[in-house]
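Working from the sequences, and respecting the hints, build out all of it.
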Amino acid sequence: MRSVTETSASSSRDRPPAWFDLEDDNRLRVGGVWRLAQVDRLSRRLERAGLAGRTVREIDASGLTELDSAGAQLLIRAAASPDAIAGVDGRFRGLLRRVADAEAATADLSRTRRPGGAGAPLALIGWRTVGVGLRVWELLGFLGQCTGAVAKVLVRPWTLDGRATLHHLQATGLNALPIVGLLAFLIGVVVAFMGALQLQKFSAGIYTVDMVGIAVLRELGVLFAAIMVAGRSGSAFTAQIGAMSLNEEIDAMRVIGLDPVGMLVVPRIVALVIALPLLTVYADLVALAGGAVVSLALLDIGIPLFLERLSNAVDETAFLIGLAKAPFFAAAIAIVGCFEGFKVTGSAASVGRRTTTSVVEAIFTVILIDAAFAMALSWLNI
Amino acid sequence: MIGPTPAAEKPQPAVSVRGLENRFGEILLHDGLDLDVRPGEVLGLVGSSGSGKTVLMRSIIGLNRPSGGEVRVLGQALTALHGRARKTLLSRIGVLFQNGALFSGLTVAENIALVLKLHTGLAPVQIDRLARQKIDMAGLPQDAADRMPAQLSGGMRTRAGLARALALDPEIVFLDEPTAGLDPIGAADFDRLIRELQRSLGLTVFMVTHDLNSLVAVTDRIAVLVDRKIRVGPLEELLKDPHPWIQAYFRGPRAQAAHNAAGSGH
Chain A
1 MRSVTETSAS SSRDRPPAWF DLEDDNRLRV GGVWRLAQVD RLSRRLERAG LAGRTVREID
61 ASGLTELDSA GAQLLIRAAA SPDAIAGVDG RFRGLLRRVA DAEAATADLS RTRRPGGAGA
121 PLALIGWRTV GVGLRVWELL GFLGQCTGAV AKVLVRPWTL DGRATLHHLQ ATGLNALPIV
181 GLLAFLIGVV VAFMGALQLQ KFSAGIYTVD MVGIAVLREL GVLFAAIMVA GRSGSAFTAQ
241 IGAMSLNEEI DAMRVIGLDP VGMLVVPRIV ALVIALPLLT VYADLVALAG GAVVSLALLD
301 IGIPLFLERL SNAVDETAFL IGLAKAPFFA AAIAIVGCFE GFKVTGSAAS VGRRTTTSVV
361 EAIFTVILID AAFAMALSWL NI
Chain B
1 MIGPTPAAEK PQPAVSVRGL ENRFGEILLH DGLDLDVRPG EVLGLVGSSG SGKTVLMRSI
61 IGLNRPSGGE VRVLGQALTA LHGRARKTLL SRIGVLFQNG ALFSGLTVAE NIALVLKLHT
121 GLAPVQIDRL ARQKIDMAGL PQDAADRMPA QLSGGMRTRA GLARALALDP EIVFLDEPTA
181 GLDPIGAADF DRLIRELQRS LGLTVFMVTH DLNSLVAVTD RIAVLVDRKI RVGPLEELLK
241 DPHPWIQAYF RGPRAQAAHN AAGSGH
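Just so you know, the sequences run in chain order A and B.
If you count the first sequence from 1, position 340 lands on 340 in the numbering used here, and the numbers rise without skipping.
If you count the second sequence from 1, position 242 lands on 242 in the numbering used here, and the numbers rise without skipping.
Misleading hints may appear alongside valid ones.
Claimed, not checked - Some but not every residue of chain B turned toward chain A, in silico, with C-beta under 8 Å:
#, residue
1, 64
2, 65
3, 67
4, 121
5, 122
6, 130
7, 133
8, 148
9, 169
10, 201
Calculated from the structure, these hints are not laboratory results.
Glycine included, every Cβ here is placed at the ideal spot set by N, Cα and C.
Structural data, given as structure tokens:
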């Protein structure tokens, strides 16, 4: 309402800034400033007077002092037809005609918009399901492409882009050391803490060492390193490749004759397959150190005793099982990350969406593979 | 915008630039530049690449704080305004950035509705109605309303950007290379659209362009940015200007072709 009074200064004093009078049933006189700032109030009053819906046969618009396309829309929506508006100042005629055209174009469409109905949620479920199926299908296709490209590099190792691989090795491996270390240490502390509190009740505190050793070496070390890498590097792969594809760099590669998978994906897979096992060993060591610290503080188990107990409790198979999973996790993270990157289309929003999907899918895949390993190993009695 | 013309003898310029200076490190881009945009005219701004056309436009619309001089839009200095006053002045200008600069997370209709929502207290139905009107006025089909910017062609994106610039019925619109990247037919359509809107809405148009055809077809006056200053006038006047760049620009083969094409069209 404040805006109405602001503009009132420019119109005559005795009249409100925008006004209309219904003279008899079908003759409306309008005048004043019919502009966007007044439209809210005017449309409410028109509605209250029952005039909002294309009913008025005659509108006398000679009193208009200012008009814009929002005000013109109101007038035309009140009029039975655009011809019903008479006495318009010459300045506004072009505008009124243009707005009338726009109204005619938008009127028939607003009625046919959005077919909804009871079937819509069902249809949505159907489409989503088809979507998921297609994704899996595409991902499998991409997996095949990647396998082919990696196989090519394995046969001819000198074709590998060494610089890119080293760069990714540093970005995904070396630069991840601080955060992976911190996380692993805390995991070791938490596991040991839980174990110590529970096992002490049975005076079996010393078994904390067994628990930490087996849990960390076989499962947690590699799992948490992989989750960290999926969040850090899988997302980065998606964003990098996504931005390149927005910039049409991927298309440029294809046209020049470069294989984008060989150029972009293989170095990332190779780098991650090397980096994640290394990170796993590192995470294992740091997590064990975390366990040792808790054992010392809570259970008075000294470092020599901890090490002795550890070497009795776990043999190298637990460590090797953990380590063996790392390359599979790494390949899954790299492939999912790159796949989502290639799927980026159109806009910056797409990069964000794909990056989210990439992280979720990568972590999901990692846990799926881990479960598959657990089942296979239990079947093999290892 | 069509308003009551004040009884004053000379209408206040829509944009007035006085003694504008823009310096970036060692580079002096504008040096005591003066420019008036008259209300209701279509002014085209040309100049060689890197001469500071975009910086000039950004200085006028308040995105760039000049190192010296004064810029007034509709009689007010945008950079000196804050809060409500600034918002009010901003609602009286519309800007079409290169390639539209649409918000990529919103549909075309939502892009326009966002502006209306920010500046008016209208009901959602009304906002939607106005957004659809602007979509039609910018020459887009109605089914473009619910599409994402990424799903539009370059020409449609420019039109959607124009629809957003027109959302509040501004008094001045600034267009940054609106026909760049459009095919000649699309560009000619766009020229016609600008002319038509300018006439029916009474707009003042400030247009940065290199499209000689649109300069000839649409503009009332042309401002040339040479030697860090502006020379402004109708095309016929500029043709007489002896400055070598202006001569090369308006007498070059492409300019001749554009001029001939426009001439034979009448």
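Worksheet item: Under the criterion of a CB-CB separation shorter than 8 Å, is residue 64 of chain B in contact with chain A as hinted?
Response: It is violated, given that the least Cβ distance between residue 64 of chain B and chain A is near 24 Å, above 8 Å.
Worksheet item: Are residue 67 of chain B and chain A close enough, Cβ to Cβ, to be under 8 Å, as the hint says?
Response: violated, 32 Å
Worksheet item: Taking 8 Å as the limit, does the beta-carbon of residue 133 of chain B come near enough to a beta-carbon in chain A?
Response: For residue 133 of chain B, the interface hint holds, since the closest Cβ of chain A sits about 5 Å away, which is under 8 Å.
Discussion item. Restraint: residue 121 of chain B near chain A, CB-CB cut 8 Å. Satisfied or not?
Written reply: Status holds, d = 6 Å.
Worksheet entry | Cut-off 8 Å, beta-carbon criterion: hint that residue 130 of chain B touches chain A | Given a least distance of 6 Å, the restraint on residue 130 of chain B holds.
Discussion item. Interface hint check: residue 169 of chain B, Cβ to nearest Cβ on chain A, cutoff 8 Å. Holds or violated?
Written reply: Result: holds, 4 Å to nearest chain A Cβ.
Practice prompt. Identify whether the interface hint at residue 201 of chain B stands, where standing means a beta carbon of chain A within less than 8 Å of its own.
Written response: Because about 6 Å separates residue 201 of chain B from the closest Cβ in chain A, which is inside the 8 Å limit, the hint holds.
Fill in: Given hint residue 65 of chain B near chain A, where the shortest CB pair must fall under 8 Å
Check failed: Cβ of residue 65 of chain B comes no nearer than 27 Å to chain A, outside 8 Å.
Worksheet item: How about residue 122 of chain B: closest beta carbon in chain A under 8 Å, or not?
Response: holds, 5 Å
Worksheet item: Does residue 148 of chain B meet its interface restraint, that is, does its C-beta lie within less than 8 Å of any C-beta in chain A?
Response: holds, 7 Å
When held up to the earlier numbered hints, the structure conflicts with 1, 2, 3 and fits the remainder.
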